[in-house]
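Q: Protein sequence lines, in the order shown, are assigned to chains A and B. Counting from 1 along the first sequence, just add 182 to a position and that's the residue number in this note's numbering. Counting from 1 along the second sequence, just add 310 to a position and that's the residue number in this note's numbering.
Note that these hints are calculated values from the structure, not bench results. There could be a bad hint or two in this list.
[Claimed, not checked] Computed, partial: chain B to chain A, Cβ under 10 angstroms:
(1) 417
(2) 443
(3) 466
(4) 707
(5) 713
[Claimed, not checked] Heads up, simulated DMTMM-like pairs for lysine to aspartate or glutamate below, C-alpha to C-alpha not over 20 angstroms straight-line:
(6) 717(B) <-> 334(A)
(7) 597(B) <-> 757(B)
(8) 329(A) <-> 562(B)
(9) 375(B) <-> 396(A)
(10) 375(B) <-> 490(A)
(11) 329(A) <-> 347(A)
(12) 375(B) <-> 374(A)
(13) 464(A) <-> 562(B)
(14) 496(B) <-> 511(B)
Virtual Cβ for every residue (Gly too), placed ideally from N, Cα, C.
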Amino acid sequence: MKNVNEESSRRNFLKIGLMSGGAVIAGASIVKALANEEPKKTGEMVKVLTADGKMVEVDSSMINHPSEQVLKEHAIREGIAGKKFIMVIDLARCANERKCIEGCQSMHGMLAPIEYIKVKRMQDSELAAPYWFPQTCYQCDNPPCTKVCPVDATFKRTDGIVVVDSERCIGCKFCMAACPYSARTFNFGRPEQIAFTEAHKTDQDKCCTSPSTEGTVSKCDFCPESAAKGILPSCVTECPNGTIFFGDELEDAVTNGEETFRLSELLQKRAGYRQFEELGTKPRVYYLPPVNRQFPFEEATEVHNQAE
Amino acid sequence: MIMTKNDILLDKTTFETFTQEEYMVMKSDLLQPVQKIGTWGKVWIGFLITICLLGIYAYYIQESKSKYVTVSLRDYTMWGVYISNFVFFVALSLIGVLMSAVLKLTHFEWYRPLSRIAEIIAVAAIMLAGVSIVAAMGRPDRLHFLLLHGRIQSPIVWDIIVIMTYLVTSLILLFIPLIPSLSTCKNHLTGKPKWQMKMYEILSFGWEGTAEQWKILKKSMKILTVLVIPLGVSIHTVTAWLFATTLRAEWDSTNFGAYFVSGAFLLGVAGMVVAVFVIRKAYNLEKYLTEMHFDKLGQALVLMSFIYIYFNINEYLVPAYKMSGLHANHLLSLFTGEEAFFYWSVILFGMVIPGILPLFPKMRKPLPLFIITIGVVIAAWFKRYLIVIPGLAHPYLPIQDVPNSWKHYSPSLVEMTIVAATFAAMLLIVTLFSRFFPIISVWEVAEGKLEGKDEIINYK
Ligand code: SF4
Ligand code: SF4
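Work the whole structure out from these sequences, hints included.
A: Next comes the structure, spelled out in structure tokens:
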């Protein structure tokens with residue numbers, strides 16, 4: 183199993199906790215301190231960025247890092263406090279390398295042909311150039327999928343993520359009918375998949391918000407477990423071209439691990455848009471149009487998901 | 311004191327006028343199917359039970375093995391024949407509304423021998439609609455979550471509420487007019503096992519036919535009859551909303567509720583013709599289910615076909631005129647593409663033929679009408695298939711890079727067996743009912759006769 187990319191996680195992406203009101207940039211390797219304990223000095227100094235942009239050094243114990251325990255208990259229904267996760271996909275950078283798909287599959291323990299993130303060949307009209315279009319669940323702010331669920335098994339969290347609780351889902355598939363983006367997949371119990379899940383049941387490096395089980399719906403969940411630890415989602419870190427940016431809307435910043443942008447600026451300058459805005463679903467995933475491409479468009483030469 | 315007709319009916323002593331010779335003949339005619347089950351009757355029941363058992367076995371396979379193997383549903387067409395079968399049965403259950411309640415309230419006296427047939431079909435259909443839904447569920451073991459965690463904003467929960475209410479109302483509406491018949495059974499059937507007689511005794515709740523009892527019976531029937539109409543319309547409207555509340559272009563239609571209900575009424579008339587034809591032949595009830603009934607039902611069939619055609623024009627031709635990018639794929643696949651053969655056959659057999667042929671009186675004779683309506687029933691099933699499945703095959707974002715089975719849905723053997731079993735189970739419920747209870751309400755027919763409404767049984 184692929185380990186989470188420590189490099190990029192170390193790289194300034196999410197504010198993990200607030201210390202004296204400043205935006206803090208921290209790494210996953212920081213020694214954790216339980217929120218309710220008197221912080222003991224560790225002697226390890228970390229650099230953090232304050233709200234007014236100054237770099238200061240503080241003892242690592244001062245950083246309020248949620249413990250594993252707290253993460254497990256943050257109850258999949260509630261979301262991570264003070265966050266509004268958001269994604270920006272730069273279509274000019276996508277060369278259909280499918281690394282995001284593979285990274286996601288290994289992170290979530292899903293086998294092809296199940297893809298939480300898909301890369302589609304799009305061509306808006308005959309004369310327009312084709313382009314590659316990575317597509318996740320858009321974690322819509324007005325999600326038609328959660329509205330129709332009869333048992334509240336899929337819901338919108340405070341951090342903007344739409345999650346499926348596979349312990350609750352009754353498998354009616356109404357949410358799949360309701361999602362206009364076909365973002366959801368159903369676990370029909372494909373034998374290979376079941377065997378794989380069984381074999382990797384105890385793996386610790388998986389994103390495990392609510393692992394897919396037979397007879398229930400699952401989908402892209404923005405890897406909230408990783409996000410809580412300050413680690414970027416797999417699709418972001420795996421992309422060799424830095425196509426996918428992830429971040430926090432409240433913080434107004436997104437990063438692909440290499441570059442970090444101010445979200446509002448990026449969307450304004452690069453004419454960010456959301457797919458099918460007219461449906462009123464208010465996706466939390468923005469696209470940057472495929473202009474000034476980094477790669478010439480090449481048709482896919484092989485088919486990937488032919489095996490039944 | 312001058313007695314009105316109603317008083318005569320309500321008066322116990324005059325009620326005895328029913329027990330004249332003629333009434334006794336009628337009674338024994340109508341009790342005939344209950345009195346004796348012939349060889350063919352037994353073979354038929356055995357056949358239906360076999361198919362039901364096969365269906366149960368298929369369901370066992372489906373649930374014990376991987377659904378990826380046993381069922382051909384995939385991520386894009388994740389609703390298949392189970393859901394279209396569910397819609398079909400919900401539609402069929404509206405037969406009770408149309409054939410018993412509407413006719414009763416509008417004083418079409420020929421409803422009398424038909425109402426119980428319609429009610430039992432309605433009850434059976436709504437039960438099998440429920441079975442179809444459970445068959446479609448990924449986790450049927452979590453069915454009770456609907457009670458524990460049900461949320462009112464989900465159309466599924468609305469559907470469950472109205473369907474349950476409709477089922478209960480229909481059951482009561484079936485049962486109440488059955489009470490006098492039960493006491494008839496108790497008094498006139500011979501040579502039946504003890505438990506059966508005991509059942510009549512218990513279920514007839516000490517019915518004696520007093521004026522008071524008749525009064526209560528009539529009153530409660532009237533209330534329920536009125537109640538069942540809006541309920542019936544809502545179950546099918548809400549079922550239509552399961553589709554119409556999604557953003558998918560092919561279902562995103564304000565026409566859907568009315569379109570579904572009108573289709574259900576057409577199916578109701580057709581189902582009635584089929585049932586009446588078979589029951590009439592099998593139980594030699596030509597005296598009660600007369601050619602007049604076929605004549606009237608044939609006329610109703612024409613009316614319902616035209617109403618349904620009207621809604622179909624709204625549903626398909628108006629978007630087709632615009633051919634917007636959102637609808638084009640779907641509509642073209644229906645009109646000229648993959649599904650065209652099905653689509654046009656359904657239009658022909660399910661709407662055009664029943665709309666035109668029964669305009670000619672000759673076609674309203676039992677046999678021709680029976681053949682026409684068999685076509686309508688089959689077309690109606692495929693119509694629901696065409697609403698559900700191609701609707702899923704054309705999502706907004708293109709389907710790419712998936713295995714072949716993900717692109718084309720065709721039901722697996724397990725799915726087809728279960729669907730066949732739901733049909734067998736429906737026929738079984740109706741058959742068994744008609745073998746234990748008079749399928750034509752003795753007293754309702756007699757009452758019509760007593761009130762001088764001779765046309766009911768003495769047509770021509
Ligand atoms: S993309 Fe689909 S599944 Fe994801 S939140 Fe939006 S409607 Fe729901
Ligand atoms: S399939 Fe599961 S998550 Fe989706 S609507 Fe049904 S119960 Fe809810």
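Q: List in ascending order the numbers of the hints, as given earlier, that are violated by the structure.
A: 1 and 6
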